[in-house]
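Q: Each chain, written out:
There are 2 protein chains.
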Amino acid sequence: MLVPSALTDLQHIFPADALSIDAAECLVYGYDNSRRQITPDAVVFPSTHEQVAALVRACRAHRVPLVARGRGTNTTGASVPVEGGVVASFERMNRVLRIDPDNRLAVVEPGLLNGDLQAALAPHRLFWPPDPTSAPYCTIAGNIACNAGGPRAVKYGATRDNVLALRAVAGSGEDFRCGKPTTKGATGYDLTRLLIGSEGTLAIVTEATLKLTPLPSAKRTLRATYVDVTAAAHAVARIMAQPVTPCALEFLDDQCLALARAHGGDAIPLAGAMLVIEVDGEPDTLAPAVDAVSRAARSDGLVELLVAASEEEVARLWAARKALSPALRTLSPNKINEDVVVPVSRVPELVAATRTLAAKYALPIVCFGHAGNGNLHVNLLPRDDAELARAHDALSEVFDAVIRFDGTLSGEHGIGIVKRDFMPRALDANALALMRRIKSEFDPDGILNPGKLLPDRDIPQH
Amino acid sequence: MLVPSALTDLQHIFPADALSIDAAECLVYGYDNSRRQITPDAVVFPSTHEQVAALVRACRAHRVPLVARGRGTNTTGASVPVEGGVVASFERMNRVLRIDPDNRLAVVEPGLLNGDLQAALAPHRLFWPPDPTSAPYCTIAGNIACNAGGPRAVKYGATRDNVLALRAVAGSGEDFRCGKPTTKGATGYDLTRLLIGSEGTLAIVTEATLKLTPLPSAKRTLRATYVDVTAAAHAVARIMAQPVTPCALEFLDDQCLALARAHGGDAIPLAGAMLVIEVDGEPDTLAPAVDAVSRAARSDGLVELLVAASEEEVARLWAARKALSPALRTLSPNKINEDVVVPVSRVPELVAATRTLAAKYALPIVCFGHAGNGNLHVNLLPRDDAELARAHDALSEVFDAVIRFDGTLSGEHGIGIVKRDFMPRALDANALALMRRIKSEFDPDGILNPGKLLPDRDIPQH
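Protein chains in written order, with UniProt numbering: chain V, 1 to 462; chain L, 1 to 462.
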């Protein structure tokens, strides 16, 4: 519970309708898609940069934890206020401040929804590349916090590649701007990209200048099935090695296909593995681009390559891919959805390792995801308490395999609560020590999103 | 001069042929393309990561300045050892350690030349995008130090967009790895991009994992002349707003054209401004891509649009562009070559401002550069001591104009010695304070490249 003097300070910053200590209201700002939940002591709804700066200073003065929150769509517990304190929900700072087509940029508030941004950009024939599955209801600053990606990242990069400048308030209470509305810059240290992926542990973003990309005027969707995972992964490497990069290169293993078919019907083929490939371009260039990608996809072990003939067929393909995540949750309410990354060429080894672990722990494990980046959603699917207990050991071995294959814990979901204990396996001790020291400079009293991203000091290195 | 105990420590780390305190030898490691020069007390030639780690620890123990050096092609004085001490020249760590086409990456030593890397990649039909004019004789770690760009950055990004992972030794003596050989990652703070552009002030890079791009199989070069700078800048915005991004979009103002013609002959047209545009692609896609860019380039004020018909014509166009820099030095041995960046739409205002300053200070100022990124090489060309004296005041006003137009001091050359006094104008005080604190965590005794990038504490904010 907040001490009275802290609450008084918050009341000086926020009008009555922008501050709540009501337990029922606080409750709903205490969980995210990780299904973890801790009720904060207060929720505030900032509407200006100045309020955020005053909020951080007040929280620092009272040593109160402060957790910035978009819409809680993240899967890692990064927005759960594990030490209580104040949650700042940015739902009222949701405006597009400026769209500047000549400079291919937009200036936005942190609580703007990704989908609302895309809708505002469409009339200008521009888009912002990050496209997580949650795009209709996740925020830009949430995307920034976890370096969100999505299928398009294979061609257009993830969040870190698509932000030009930020305005923010460090945990010290100092507000600052970093970056510029330009695509090049070599003026001092890159604070912008340091904040991206830092999960609100260094500073709270109050404004973002986003790099936009011209919207291609046409897109073609292909479906390629292969005899097995190795053949599909080999095709991915071939596709990525030629100059026409697809704008999506999604992978589903045989077990995902079986599940998708069970839920989605016979339109989903059964095969050893499937790739959903999208190619974008202009009317004149699209056909040859599709040809180039098709040639690369026609490698050993191809079963069938189909170009979707209609919008309905495209919709069915993506529906299968997008229905997977909820379908898996139906199968396993406690599913553990990881988003590990390995070099593209090591995808078959990783999938093979998960099969071995599935057998060892008698537990369903399926793999799908963004193959062009080697970013696989390894899903552990415990169906009862006994399987759930085994799943945690299996997960630990999944991470060991990922590290062994020169990969890392997360490609786009971040670390949050759920993966921070594994950080000492993924990073060397000196890198982790430098990260802790950077944290201490931005947030000397550790008020910003405590208990996230960096492991506790007593977690041993593996 | 090094104290004897420091020299003894260096002698324990380096064999006799990898350490010199000979004044004549030290002399040549004390300058760069900024034409500034300070002779270091010793030069060492590391050949392993372990030697570099031991070197940093020895320099820290003795509080000796340590400056990492590629080939000294930078223009900002970043590799000049202004406080003496030890220069570490990386010319012996120049190997390509691994080319991995399936994962589109290469692992290289820091002293590898950019041009040698490109030659090693060509048989794999891959390239590394950064292409500064000095590519044949500048190093990869030099490119990393200043976040080097070049014409291709408009399509493929600068150095910061094309490095996946680094191995490095911080000024504290701690060695670490950051990043992974994957194109996505959301595992902790982004130390990789923090090091890129830090000019050797945080850590010394000993290995780099570079992101590669498939080499397009064909390229077409266009030349577009316009009635004036504003018309050319408007065409640049139109070109950048459509989906086919050219792989070079270079700008020359009327004065540059006149100078290039004087040196390069009648093949160079006289006009209000010229764009050199390159479009790359595959045999099937190139023609429509050229058409799309040509349509965008055909805006109001176009004088003539020519597609180069032959290799010779292409070579002549680029020769004119590349001869500019040396031609300007002939005209003005003390030329001041800046590489400021502004939003693309503000290029005409910046060029107009430089014209006003040229008149005010009675000093030739010309503009050319990477228009697609708004990255202009503003060249001040003093021809005698009186003009040189005035040039410094003019330069200060150029930077004021750049900041006024929402731009920044450097797009690809970095800050070094020559621009650090202007940093307080470009960055707000809190951002600068955070940079200083990051520096203090990586390099607590300030031994790495002292006197660079960050301004002295007593430089007032403008």
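Hints listed in this document are in silico derivations from the structure and should not be mistaken for laboratory results.
Do not rely on the hints blindly, as some may be mistaken.
Since the list can't tell identical chains apart, any single copy or any two copies may satisfy a pair.
[Claimed, not checked] Mimicking SDA-like on lysine to any residue, the simulated pairs with C-alpha atoms at most 25 Å apart in a straight line are:
#	residue 1	residue 2
1	K219	R295
2	K322	Q51
3	K155	L121
4	K322	D456
5	K211	P348
6	K335	A24
Remember, predicted model here, so these are calculated numbers, not experimental data.
Q: All hints are to be evaluated individually against the structure, with a verdict given for each.
A: Structure-based check of all given hints:
no. : hint        : verdict
1   : K219 x R295 : both (17 Å within a copy, 22 Å between copies)
2   : K322 x Q51  : neither (38 Å within a copy, 51 Å between copies)
3   : K155 x L121 : both (19 Å within a copy, 21 Å between copies)
4   : K322 x D456 : neither (35 Å within a copy, 54 Å between copies)
5   : K211 x P348 : between (34 Å within a copy, 21 Å between copies)
6   : K335 x A24  : neither (28 Å within a copy, 68 Å between copies)
In terms of the numbered hints stated before, the structure departs from hints 2, 4, 6, listed from lowest to highest.
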